[in-house]
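All chains, please: the whole structure from these sequences, using the hints.
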Amino acid sequence: MIMKNFEQGKQIIKNIIQFLPNGPGVYKMLDDKNAIIYVGKAKNLPNRINSYISASYLPIRTERMISSTKNLEFIATQNEAEALLLEANLIKKNQPRYNILLKDDKSFPYIQLTKSHKFPQLTKFRGKQNKNDIFFGPFASPSSASWTIKTLQKVFLLRVCDDSIFNNRKRPCILYQIKRCSAPCTNQINEKDYNNLVLDSINFLNGKSALIQKKLSKEMENESEKFNYEKAAIIRDRIKA
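Using the numbering used here, the first residue of the sequence shown is number 782, and each one after it goes up by one.
Derived from the structure by calculation, the hints contain no laboratory data. Keep in mind that the hints are not guaranteed to be accurate.
[Claimed, not checked] In silico DSSO-like cross-links for lysine-lysine, where the CA-CA straight-line distance does not exceed 27 Å:
1. 874 to 899
2. 824 to 935
3. 873 to 912
4. 912 to 960
5. 899 to 931
6. 912 to 809
7. 809 to 824
8. 824 to 973
9. 973 to 899
10. 989 to 973
11. 896 to 809
12. 909 to 873
13. 851 to 795
14. 896 to 931
15. 951 to 931
16. 931 to 999
17. 824 to 989
18. 912 to 874
19. 931 to 824
20. 905 to 873
21. 785 to 824
22. 912 to 931
23. 873 to 851
Structure representation (structure tokens):
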């Protein structure tokens, strides 16, 4: 019976692969009661889903999950970062039973924005959350949280340094030179402009990436019209990130 259900689950997955778009996204496996039993993300949806039916060996937990799968739904995203954030939000909301790695939220990473500081720090966080800061997650793995933070650095130029380093910095660090930070520590950006970047990052983390891309494109056009080509190029690179 178990083997029969496993083969049926594989066939259900196989039938859906042809409808998957090539690109990043999130997929949801559902059981016979239409309950979500697993949420996953993929850089390429067809490749990831195909791995469930083409692998020569699967862990017992994965075989059981496939045996319980009666339907598969997907959500295409614009990029991998958006897929990571959507995956985290769906797992948090639905608590799928096969996402066992996230059973204890305190054991897995969040992204923290230290709003208690006038120049908020972006960092990875585990443990008890406070009311003064903003938290996003949980993420499926520490590497997922780290990858998202790196993306946020590229797009929004937020600081990741500890307060002790921030308070004692006399000149910008290498992250400013490679356009991964706006260097508020040495007044390369004022508080108002920095907090606009923070607000943009919050919108991005809340799934409003299309809105942010539109805003950045408009800023790039404005700088080009003013012949500020260097600033326009920086914004262009942020959009590409």
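Notebook entry, point to check: Which of the stated hints cannot be reconciled with the structure, identified by number in ascending sequence?
Noted result: 1, 4, 6, 8, 11, 21
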